[in-house]
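A.B. asks: Protein sequences appear in the order of chains A and B.
Position one of the first sequence corresponds to residue 1 (the numbering used here), numbered consecutively onward.
Position one of the second sequence corresponds to residue 132 (the numbering used here), numbered consecutively onward.
Errors might be hidden in some of the hints.
What the hints assert, rightly or not - Computed spacing ranges between beta-carbons, pair by pair: (1) B:Val296 - A:Asp116: 47 to 55 angstroms; (2) B:Ala190 - A:Val90: 32 to 40 angstroms; (3) A:Ser51 - B:Leu240: 52 to 60 angstroms; (4) A:Leu52 - B:Arg159: 45 to 53 angstroms; (5) A:Asp116 - B:Met176: 27 to 35 angstroms; (6) B:Gln199 - A:Pro120: 45 to 53 angstroms.
Stated by the list, open to error - The following residues of chain A were derived to be distant from chain B, with all beta-carbon distances above 12 angstroms: (7) Ser59; (8) Thr81; (9) Asn117; (10) Met119; (11) Pro120.
By construction, these hints were calculated from the structure, which means they are not laboratory data.
Cβ coordinates follow ideal geometry from the N, Cα and C atoms, glycine included.
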Amino acid sequence: MTDTHYDRAPGDASALPDVEQGTSSGVLVYTIGLVLAVVLTAMSFWVANTSLFWAGGVSLGLTVLAIAQMGIHLVFFLHVTTGPDNTNNVMALAFGVLIVALVVVGSLLIMADLNDNMMPAAELMNLQMQH
Amino acid sequence: MNIAVALDDEVRQEARPRASEAGPATKRIVVGYGFWIFLLSDIVMFAAFFAAYAVLAHATAGGPSGLQLFNQRSVAIETGCLLASSYTCGLMSLVIGSRRYPATYLAALITFVLGAAFLILEVREFAGMIAVGAGPQRSAFLSAFFTLVGCHGLHVTAGLVWLVVMMAQVAIKGFRETVERRLLCFSLFWHALDIVWVWLFTVVYLMGVLS
Numbered sequence: 001m002t003d004t005h006y007d008r009a010p011g012d013a014s015a016l017p018d019v020e021q022g023t024s025s026g027v028l029v030y031t032i033g034l035v036l037a038v039v040l041t042a043m044s045f046w047v048a049n050t051s052l053f054w055a056g057g058v059s060l061g062l063t064v065l066a067i068a069q070m071g072i073h074l075v076f077f078l079h080v081t082t083g084p085d086n087t088n089n090v091m092a093l094a095f096g097v098l099i100v101a102l103v104v105v106g107s108l109l110i111m112a113d114l115n116d117n118m119m120p121a122a123e124l125m126n127l128q129m130q131h
Numbered sequence: 132m133n134i135a136v137a138l139d140d141e142v143r144q145e146a147r148p149r150a151s152e153a154g155p156a157t158k159r160i161v162v163g164y165g166f167w168i169f170l171l172s173d174i175v176m177f178a179a180f181f182a183a184y185a186v187l188a189h190a191t192a193g194g195p196s197g198l199q200l201f202n203q204r205s206v207a208i209e210t211g212c213l214l215a216s217s218y219t220c221g222l223m224s225l226v227i228g229s230r231r232y233p234a235t236y237l238a239a240l241i242t243f244v245l246g247a248a249f250l251i252l253e254v255r256e257f258a259g260m261i262a263v264g265a266g267p268q269r270s271a272f273l274s275a276f277f278t279l280v281g282c283h284g285l286h287v288t289a290g291l292v293w294l295v296v297m298m299a300q301v302a303i304k305g306f307r308e309t310v311e312r313r314l315l316c317f318s319l320f321w322h323a324l325d326i327v328w329v330w331l332f333t334v335v336y337l338m339g340v341l342s
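Same shape as in the complex, but just chain B:
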């Protein structure tokens, strides 16, 4: 088994020209790298919101604090939804590699449903908070909270729309190179959103309920 793998590797190494002879990078690498840079700039923007939230976390202006508002059970379910959808998104990029249409649609559907479940829970949480008078205008803490968590929610919404568009492109155009590059960017985006959520539930929800 190991020998076979090693041989396979050697063949591959020999089949590929050296970097100096390989010419410019393929479009997939250039596009993926450009999107990687965009994602990092997006995360820098989130960092600014995180910093604002951390500074304003105790500026409740006599209003409700995180301890009274946050429901850990719902946050745990949201986290599970997003993590599972990140997993199925990864599986989707595997079946895209082997160009299987039904499996791709199935993985995309599960990813979409889990992402939508996350979004519904978050919107319900927001609606519940606004209903008890803890809207974004109540205190600096709540303004920062709604900006930070809402911005992540908007990203998830954009990701869901993007996923639907990508599945329409797969159905109409098939697995062309352009479509595969866009799918690569989508999976990068979706995994990056999950990383942002890891920090969100840690900093906002878990540290927010510490006494």
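Next up, chain A with everything else stripped away, as it sits in the complex:
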């Protein structure tokens, strides 16, 4: 049972396309995904517009909600699982996420650092005046 038998094509719910999967259970999976995604989207819009939370934490909360919704999409719409037949797909996805994180976080860190080390315009003017 623990042996890997076949790989699964990304987006396929079943490893065996020729085996008839119950359509009703498939519909149920997509519907659960839709409901969860709608709830998370509604929460995102509510969090962005309410004044109930500390303003500094709102963008962090929005990021968490977006990550959660991405997970919902991956699991319920793209059928990514932790099963052995899905290892290749998950490894590729993990590599993609790593590169995306490097590009985004790296750019933001470097640009914020450059901004910090930039001389304020007023000081720059002063320097020029001294000559």
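Fit chain B to the given chain A structure using the hints.
C.D. replies: Here is chain B on its own, set in the frame of chain A:
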């Protein structure tokens, strides 16, 4: 019910050879995996645009900011359209599995209409922004905005064209293996676009209107 499922599973497990004896993966798996890799590279490209937008988000050059430009109601409708079309696209891949022609056409039609509605709303939003002088040449913020959101819009446009082509192929060629593989790739593409949109409305529209 559970016993029946378990038995069914056992039969399946026995009917399938082990990985070492199974030979090369089927073409469906190879094609799907290749397209998966392409999608991930596409998302890396979007990540670069996201990074550019995040860096330039406050570089408005004295021009209008997101707070003045973005209309949350229209963004919410766009989000609903895209999410619903992702759902119907998923239902379409289910009816493709059971090879029902009318249901496939119906699901494709709804997916297309919802995608087109999304695109129309986005184009109207762009046109409205350009009309008030907030075009891509106004500031670095707006250049990054139009590049990022426009790139997603172009992907949706390509997806709509692809969907029409696929339905023509289903009508002419029927549910052959090649056609089914292409439909699998299309549904992967469409779901991936929805994931990109989740980040778009979060980072651009919702974080853009935070004070």
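A.B. asks: Check the non-interface label on A:Pro120: least C-beta distance to chain B beyond 12 angstroms or not.
C.D. replies: Non-interface label stands for A:Pro120: nearest chain B Cβ at 16 angstroms, farther than 12 angstroms.
A.B. asks: For the pair A:Asp116 and B:Met176, does the Cβ-Cβ distance stay inside 27 to 35 angstroms?
C.D. replies: 28 angstroms, holds
A.B. asks: Verify that the Cβ of A:Ser59 lies farther than 12 angstroms from every Cβ atom of chain B, and report whether the claim holds or is violated.
C.D. replies: Check fails; 5 angstroms does not lie beyond 12 angstroms.
A.B. asks: Given a hint of 52 to 60 angstroms, does the C-beta separation of A:Ser51 and B:Leu240 actually sit inside it?
C.D. replies: 42 angstroms Cβ-Cβ, so the 52 to 60 angstroms window is violated.
A.B. asks: Do the Cβ positions of B:Ala190 and A:Val90 conform to the proposed distance bound of 32 to 40 angstroms?
C.D. replies: 38 angstroms, holds
A.B. asks: Within 47 to 55 angstroms or not, the Cβ separation of B:Val296 and A:Asp116?
C.D. replies: 50 angstroms, holds
A.B. asks: Examine each Cβ of chain B, and state whether all of them lie more than 12 angstroms from the Cβ of A:Asn117.
C.D. replies: Since the minimum Cβ distance to chain B is about 15 angstroms, A:Asn117 lies beyond 12 angstroms and the statement holds.
A.B. asks: Per the stated criterion, does the least C-beta distance between A:Met119 and chain B lie above 12 angstroms, as a non-interface residue requires?
C.D. replies: Answer for A:Met119: holds, closest chain B Cβ roughly 18 angstroms.
A.B. asks: Between the beta carbons of B:Gln199 and A:Pro120, is the distance compatible with 45 to 53 angstroms?
C.D. replies: 27 angstroms, violated
A.B. asks: Does 45 to 53 angstroms hold as the CB distance between A:Leu52 and B:Arg159, or does it fail?
C.D. replies: With Cβ atoms ~49 angstroms apart, the hint holds.
A.B. asks: Does the claim that A:Thr81 lies off the interface hold, with its Cβ farther than 12 angstroms from every Cβ of chain B?
C.D. replies: The assertion about A:Thr81 holds, with a minimum of 14 angstroms to chain B.
Hints 3, 6, 7 from the list above are not met by this structure, while the remaining hints are.
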